[in-house]
Each structure stands twice: as C-alpha cells, then as structure tokens.
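*Asks:* Here is how the chains run, residue by residue.
Protein chains: 2
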Amino acid sequence: MIGCMGRWEPNGRGRLAQAALDLYVERGFDQTTVAEIAERAGLTERTFFRHYADKREVLFDGSAMLQQLMVDAAAAAPDDASPLEATAAALVAVGEMFDERREFARRRHSVIVANPELQERELIKLARLTEAIAATLRERGVGEPAASLTAQAGIGVFHVSFQRWVAPGETRRIGELMREGVEELRAVMR
Amino acid sequence: MIGCMGRWEPNGRGRLAQAALDLYVERGFDQTTVAEIAERAGLTERTFFRHYADKREVLFDGSAMLQQLMVDAAAAAPDDASPLEATAAALVAVGEMFDERREFARRRHSVIVANPELQERELIKLARLTEAIAATLRERGVGEPAASLTAQAGIGVFHVSFQRWVAPGETRRIGELMREGVEELRAVMR
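If you're matching them up, the sequences are chains W and P in order. Per our numbering, residue 1 is the first one in the first sequence, and the count goes up by one each step. Per our numbering, residue 1001 is the first one in the second sequence, and the count goes up by one each step.
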C-alpha cells in the first residue's frame, strides 16, 4: 500500500525512489526505464541496481517493513487481547507511518491503479500480509478458522481504509478511517 | 476456486479439461504443453485453441460463471435483506455447484498451490469477485465503506471455507463450512 523510501539522502536510495515515482507519474510505469530514473536522480544505473533489483521494487520496497511492523504489533498485544484487538493493534501501528506520507502514497497509488501487473503485485502483498497476521494469531493461541477469518477481515479493513485515505480530498487520518472501518464491519456483522 | 468444465463431452471441452488437469497433477503445470493435452484427449492442438486461449485458462474457465452466480444471488436477495444476508446468499448459491465437484476442486487446488503464477491468478479472481459483490451491494443501496467491507469479509469467509473444504479428509459440505465461517467471524467481531 505504501512504499518506504526512508529519509531523503543526498546520494542514494531516497533520491532514486523520488526520481522513479516522479517519472512513473509523468510517463507511466511501463514507459520509464532504469536509465531514465538514474539520470533524473543524477546517479548511475549501477547505483540504481545496488539499491533495487528492478524498477518495480522501488514501489514495493516498504512491504517487508510494513509486514514486520504489523506482525510485531499484533504479537505484542496483551495476552488477554481478543483476536480482533490484536489485529486492530496491527492496523493502528501502521497509522503514523502512513500519515506522514500521504502525498507519496497518493502518487504511488495512482501509478499502481494504472497498471494491471502492479495491481497484481499489490494483491500478492496483501495476501502475504493476511497470512502473516493469521500466523501471528495462531501463535497467540487463536484456533482456525478464527485466525484466518480475523486476519482476512482485518486486512479487508486495512485495504478499504487505505483506498479511502488516498482518495482526492480525504483529510482524515488513516487510523481514524480504520477505526471507523472496524466499527462499520462490526455493525454489518451484527 | 473452482473451474467449470461443463458436462463431459465425447469430443470437446470437457475431455480437454480432464486431460489438462490429469497432466498438471502428474507432471506439473509448467511441464505440460498444449500439444500433450491435446494428445492425451485424443484431439488436436487446433481444437484446444478453439476452446481455450491458453493452458492456464483451463483452470480459470469457471471464474466468470462463478462471479455471475454470486452476483445474481446477492442481487436477488429480498429488498429488506441486510448487506451480510445478501452476501451470504451469494456464498450459499455456489455451494451446490462446488459440492458436486470436490475431487476436481482438490486436484485443481493442488496444481494452483504448487505454482506462484497460478496463485496470483487466483488472488486476482478473488479480488474481482470482491469488487463485483461490493458493486452489487451498492446497487442494493448499501453505502460505502459498508459495501466494500462486507464484500471483503464475505469473500474472506469464502476463501477460508474453500481452503478447509479441499483439505484432505474434510467431508463437510462447503455450505456448512461457510455458514460456520460467518458465525465464527460474527463471534470474533462481537
């Protein structure tokens, strides 16, 4: 859902990521080459490949960190937290990281929705996140199918809230949208 | 989740689908060629391509029908049905079609889980199903984010129940597993 560029660095990763995203927005993902990204960043292709395996990875760089953050938060929930509460803790944990970067996320999102292959990659990322949360819940002693169902519902809330958060004109924080999402889903399930 | 071969036909589509699945299970999807499928079915490659665009399509042939079945059932739910009830109607509608074909579904599933590319295709199918159900709920007057959240939760139940249904030794019908899934999720959300 969001890529992590880390801090802007005068001569590295952050500059490449910024240049890549600028070009993807301007020209489209398919129409952008690694050579052009490197040139825009004032760096070499060689430097690009020291940081990223390919031009797609620039957009999914933060996936592993996002997953770790969510899993850690769910695992760290109090022992007596319910499966839903542990999953909600995972959602809340990513809120701050996201809110600092809404404009980046919006631009990244516009690139992804324009490209079926990137959309597929995004779906795979969400499926992995779901499986990671389900595994964490099982480690907390939650049985099946409750663990998988809760993880599916939680990542469903995450996905829907994210889409709202990047929508034009939306100013509410993602944490608020996710809390509202959980409440809406609870109401629907009653 | 399930491919539709239609009825077995002496000289057509069904024979090709059966031959393809047999070969995918025996040799692996990547190791099977269209020429081999046609040969096993006693037909020509030309006939294969009259029925299917490629060897992957054999496995996803039923996707459009599955989606239509679910959408129709959700749309046909009584006017006063809640979003959850309309979504549950979509799940129940596919139950009978599935239960007649568990062995086919198990074999198909074993091919899919062994191949990352096919898994991706399956995720895309589920994402499309989710979007189709959400759109149907919106047409029924359900607002956002309730429509998307309910569709996500419903397809989450479908996905988790399907995985249980194809597990070795599982004998319960998919409708029963889906009903149990909805109840589990309701309990989790309370």
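Quick caveat, the hints were computed from the structure, so don't treat them as lab data. In this text the structure is predicted, and so the values were computed from the model without any measurement. Be careful, since some hints might not be right.
Each pair of labels, with its calculated beta carbon distance range [as the list claims (entries may be wrong)]:
(1) Ala1064/P with Asp79/W: 39 to 49 Å
(2) Gly14/W with Glu1103/P: 49 to 59 Å
(3) Arg186/W with Gly1042/P: 50 to 60 Å
(4) Glu1085/P with Pro168/W: 47 to 57 Å
(5) Glu1183/P with Glu26/W: 20 to 30 Å
(6) Ala1035/P with Ala167/W: 27 to 37 Å
(7) Pro78/W with Ala1035/P: 58 to 68 Å
(8) Pro168/W with Arg1140/P: 22 to 32 Å
(9) Glu1045/P with Arg101/W: 26 to 36 Å
(10) Asp79/W with Glu1096/P: 42 to 52 Å
(11) Asp79/W with Val1034/P: 27 to 37 Å
(12) Asp1099/P with Glu26/W: 48 to 58 Å
(13) Ala81/W with Thr1171/P: 42 to 52 Å
(14) Arg1056/P with Arg27/W: 44 to 54 Å
Which chain W residues stay away from chain P? Per the calculated CB distances, all over 12 Å, these [what the hints assert, rightly or not]:
(15) Asp22
(16) Gly28
(17) Phe29
(18) Ala35
(19) Arg40
(20) Met97
The calculated DSS-like cross-link candidates involving lysine-lysine, where the alpha carbons are at most 27 Å apart (straight line), are [to be verified]:
(21) Lys1125/P with Lys125/W
(22) Lys1125/P with Lys55/W
(23) Lys1125/P with Lys1055/P
(24) Lys125/W with Lys1055/P
Positions of the beta carbon are idealized from the N, C-alpha and C atoms, including for glycine.
*Asks:* Against each hint, give a clear statement of whether it holds in the structure.
*Replies:* These are the hints, each one checked on the structure:
1. Ala1064/P with Asp79/W: 39 to 49 Å: Cβ of alanine 1064/P to Cβ of aspartate 79/W: about 47 Å, so the range 39 to 49 Å holds.
2. Gly14/W with Glu1103/P: 49 to 59 Å: Given about 53 Å between the Cβ atoms, the range holds.
3. Arg186/W with Gly1042/P: 50 to 60 Å: holds (56 Å)
4. Glu1085/P with Pro168/W: 47 to 57 Å: Given range 47 to 57 Å: violated, Cβ gap about 33 Å.
5. Glu1183/P with Glu26/W: 20 to 30 Å: violated (50 Å)
6. Ala1035/P with Ala167/W: 27 to 37 Å: Violated, since alanine 1035/P and alanine 167/W (Cβ atoms, about 49 Å apart) do not stay within the stated range.
7. Pro78/W with Ala1035/P: 58 to 68 Å: holds (60 Å)
8. Pro168/W with Arg1140/P: 22 to 32 Å: Between proline 168/W and arginine 1140/P, where Cβ atoms are some 26 Å apart, the hint holds.
9. Glu1045/P with Arg101/W: 26 to 36 Å: violated (51 Å)
10. Asp79/W with Glu1096/P: 42 to 52 Å: holds (43 Å)
11. Asp79/W with Val1034/P: 27 to 37 Å: For aspartate 79/W and valine 1034/P the Cβ distance comes to about 55 Å; the hint is violated.
12. Asp1099/P with Glu26/W: 48 to 58 Å: holds (52 Å)
13. Ala81/W with Thr1171/P: 42 to 52 Å: violated (35 Å)
14. Arg1056/P with Arg27/W: 44 to 54 Å: The hint (44 to 54 Å, Cβ to Cβ) is violated, given that arginine 1056/P and arginine 27/W are roughly 31 Å apart.
15. Asp22: The assertion about aspartate 22/W holds, with a minimum of 28 Å to chain P.
16. Gly28: holds (21 Å)
17. Phe29: The claim holds: phenylalanine 29/W sits with its nearest Cβ about 18 Å from chain P, beyond 12 Å.
18. Ala35: Consistent with the label, alanine 35/W stays out of reach of chain P, its closest Cβ about 28 Å off (over 12 Å).
19. Arg40: holds (31 Å)
20. Met97: With a cut-off of 12 Å, methionine 97/W remains clear of chain P, as the shortest Cβ separation is near 21 Å.
21. Lys1125/P with Lys125/W: The given pair, whose Cα atoms are some 15 Å apart, holds under the 27 Å limit.
22. Lys1125/P with Lys55/W: The given pair, whose Cα atoms are some 26 Å apart, holds under the 27 Å limit.
23. Lys1125/P with Lys1055/P: Holds, at about 17 Å.
24. Lys125/W with Lys1055/P: Within the cut-off at roughly 26 Å; holds.
Going down the numbered hints, you'll see the structure goes against 4, 5, 6, 9, 11, 13, 14, while the others check out.
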